[in-house]
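Number of protein chains: 2
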Amino acid sequence: MLHTAQKIELDHGGGGYKSWELLKEIRRILKCKTEWKNCEDDAAVLPTETLMKTGFKLGKGNLVFTTDAFIVNPIFFPGGDIGKIAVCGTINDLSVMGAEPLGISLSIVVEEGFSKKDFLQIIKSINKVSQKAKVPIVTGDTKVMEKGKIDKIEITTAGIGTAQNIISNNGAKPDDFIISSGDLGDHTVALLSERFNYKTKIKSDCKPLNLEIKKTSRYLNACKDPTRGGLAANIVEIAKKSKVKIILEEKFLPYKKEAIALSEFLGIDIFSFASEGRFIAAVSPKNIKKVLGILKQFNPKAKIIGKAEKGKGVFLKTNLGGLRPIEMPKGKLIPRIC
Amino acid sequence: MLHTAQKIELDHGGGGYKSWELLKEIRRILKCKTEWKNCEDDAAVLPTETLMKTGFKLGKGNLVFTTDAFIVNPIFFPGGDIGKIAVCGTINDLSVMGAEPLGISLSIVVEEGFSKKDFLQIIKSINKVSQKAKVPIVTGDTKVMEKGKIDKIEITTAGIGTAQNIISNNGAKPDDFIISSGDLGDHTVALLSERFNYKTKIKSDCKPLNLEIKKTSRYLNACKDPTRGGLAANIVEIAKKSKVKIILEEKFLPYKKEAIALSEFLGIDIFSFASEGRFIAAVSPKNIKKVLGILKQFNPKAKIIGKAEKGKGVFLKTNLGGLRPIEMPKGKLIPRIC
Numbered sequence: 000m001l002h003t004a005q006k007i008e009l010d011h012g013g014g015g016y017k018s019w020e021l022l023k024e025i026r027r028i029l030k031c032k033t034e035w036k037n038c039e040d041d042a043a044v045l046p047t048e049t050l051m052k053t054g055f056k057l058g059k060g061n062l063v064f065t066t067d068a069f070i071v072n073p074i075f076f077p078g079g080d081i082g083k084i085a086v087c088g089t090i091n092d093l094s095v096m097g098a099e100p101l102g103i104s105l106s107i108v109v110e111e112g113f114s115k116k117d118f119l120q121i122i123k124s125i126n127k128v129s130q131k132a133k134v135p136i137v138t139g140d141t142k143v144m145e146k147g148k149i150d151k152i153e154i155t156t157a158g159i160g161t162a163q164n165i166i167s168n169n170g171a172k173p174d175d176f177i178i179s180s181g182d183l184g185d186h187t188v189a190l191l192s193e194r195f196n197y198k199t200k201i202k203s204d205c206k207p208l209n210l211e212i213k214k215t216s217r218y219l220n221a222c223k224d225p226t227r228g229g230l231a232a233n234i235v236e237i238a239k240k241s242k243v244k245i246i247l248e249e250k251f252l253p254y255k256k257e258a259i260a261l262s263e264f265l266g267i268d269i270f271s272f273a274s275e276g277r278f279i280a281a282v283s284p285k286n287i288k289k290v291l292g293i294l295k296q297f298n299p300k301a302k303i304i305g306k307a308e309k310g311k312g313v314f315l316k317t318n319l320g321g322l323r324p325i326e327m328p329k330g331k332l333i334p335r336i337c
Numbered sequence: 000m001l002h003t004a005q006k007i008e009l010d011h012g013g014g015g016y017k018s019w020e021l022l023k024e025i026r027r028i029l030k031c032k033t034e035w036k037n038c039e040d041d042a043a044v045l046p047t048e049t050l051m052k053t054g055f056k057l058g059k060g061n062l063v064f065t066t067d068a069f070i071v072n073p074i075f076f077p078g079g080d081i082g083k084i085a086v087c088g089t090i091n092d093l094s095v096m097g098a099e100p101l102g103i104s105l106s107i108v109v110e111e112g113f114s115k116k117d118f119l120q121i122i123k124s125i126n127k128v129s130q131k132a133k134v135p136i137v138t139g140d141t142k143v144m145e146k147g148k149i150d151k152i153e154i155t156t157a158g159i160g161t162a163q164n165i166i167s168n169n170g171a172k173p174d175d176f177i178i179s180s181g182d183l184g185d186h187t188v189a190l191l192s193e194r195f196n197y198k199t200k201i202k203s204d205c206k207p208l209n210l211e212i213k214k215t216s217r218y219l220n221a222c223k224d225p226t227r228g229g230l231a232a233n234i235v236e237i238a239k240k241s242k243v244k245i246i247l248e249e250k251f252l253p254y255k256k257e258a259i260a261l262s263e264f265l266g267i268d269i270f271s272f273a274s275e276g277r278f279i280a281a282v283s284p285k286n287i288k289k290v291l292g293i294l295k296q297f298n299p300k301a302k303i304i305g306k307a308e309k310g311k312g313v314f315l316k317t318n319l320g321g322l323r324p325i326e327m328p329k330g331k332l333i334p335r336i337c
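Chains W and P, in that order, give the protein sequences.
Numbering that gives the first Met the number 0 applies: residue 0 is where the first sequence begins, and numbers increase by one.
Numbering that gives the first Met the number 0 applies: residue 0 is where the second sequence begins, and numbers increase by one.
Wrong hints could be hidden among the right ones.
As the list claims (entries may be wrong) - Quick list of in silico lysine to aspartate or glutamate cross-link-like pairs, EDC-like style, CA-CA up to 16 Å:
# : chain 1 : residue 1 : chain 2 : residue 2
1 : W       : 59        : P       : 48
2 : P       : 239       : W       : 39
3 : P       : 56        : W       : 48
4 : P       : 316       : P       : 248
Said to hold, decoys possible - Derived list of chain W stretches under chain P, where covered just means 3 residues or more per stretch with a C-beta under 8 Å from a C-beta of chain P:
# : segment
5 : 15-24
6 : 32-45
7 : 97-109
8 : 156-170
9 : 275-288
Hints were generated in silico from the structure; no laboratory data involved.
The model shown is predicted, which means the values in this text are computed figures rather than measured ones.
We treat Cβ as the ideally placed atom computed from N, Cα and C, and that holds for glycine.
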């Protein structure tokens, strides 16, 4: 029986009896169907018979592997929580590489005295998004730190996927269109509004991208999800690694009016606002119609935001016709959002 | 140029320019030879041509996946540091499953103001053990938390490996010998001595086990590394899952005299003392000589510590002939050691 006043105790992370009990509760919640075995052992096991069923061929495919640490404040925010963002973040890092996620590992470090109800709420949220994305949580670790040694909770996820073809961020070509899979920056708006008690209807855009990228991946020459550092850091990385110039158009900017207003009010560059469920990509002119057609089924706001050409650097073409350089964010960034 | 007074700043984790700079320094240090590609991308990629070269066959092998979070106090201790232990922990979790590690992910959460020299020292230590074990660090994440929001540094590693045959912890059979790959508990002794300023020559046993387990894995019916919860938690788990009784013999106990003295002085059960570079295993009588012969090449203290038989529970047969039950540690455990 769970009493809402129950707290996480140090012994829940000690490796003894209490650790086992907590682990059993976590496992009862995580129910995504999986063909992984030994999930209660030191490591999870995926028999390669399962891989063969997915059409995976040795010598033609790739294993893809990623990790991310999540330390969000607040832990619960409009549109998600630290658990949802941790799972989405790893699914999305695999997806933007063109990989289909096979399984996720879940490592939690939690502060002694943390509400057990909130803890299990986070596990439920993890389960929900794992089921929605059809990516199972297959192995994990839970550690408890003494009070004051960590700020509530930190989650690190890692993920494995397979890809026939890798989408790198160095594949954008001159004449490619630059697209966004929807409005950007809503995750930062949601977190800032919660932290500064600012009223907004904007919720975090946090969501898994694997299904929409799977349907379009063969047409994406370069792809990234603009999380930390926002559009600025990620579009600069694509331009730099692909050795192209990218011109974004102010009139096509993928931000909600309210997001822009908030960025101006706080004096924070809108281009550094992060998303946790959007991607930007470079697409050849011959495929652009097909790609946007598919993406609009997932989000009607998917659109072209600019174009690549020969040269270097990233610029914003303003409505007045001027060119303003967009650079990798330097100096103080916005409060940590993931 | 590194100035020793340099500190980790919040912007080193912000996703902007400073993050890039720190990442470049980390990458310059991590030099283990790897066939993984795209290590600077959102995820690392292992072309399956590489897997084929290792003799890996689809339909006959298994992918193995694990993760662990490390929050050690002190960060530097006799015989290792948080970086070494994080890499060894994940290599060892793969190894005790019978898997050969392919690559490790490295996620670091560090406190603003942490010494940059110490940070890079930890990265160097990670590189050293990764090279020794021949397991590359292939992908990672670095986040910085505001001062006071984390206790110095936390590292989470995840790892992928492949195994033709899985060693589970449910495979011990009646008549199997129970062995230890060396003296146990030295990791806890080293950490306690550092924390309580107690003088000892004992160093942490922290080391990668992949090479010695690779040479013996086909003969191991069950295998675990006695980290958190020590021998007590891990031998109980093997007995329970394998549905056998296990009798350990006091006269063969794998602990140094000084470790036992410390455990008695502090009133902490020696069976809960942790190791970070030892394994325990169940081995059939017909293979025991071969296995010990191999293991003694790695550590002359490898030895038989007990035997499995029909029944249930774990007992210590004392020198006087009595039987004392050994149970999963309950209640307050020793200070966190990994």
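State the violated hints by number, sorted upward, taking the hints as numbered earlier in the document. 9
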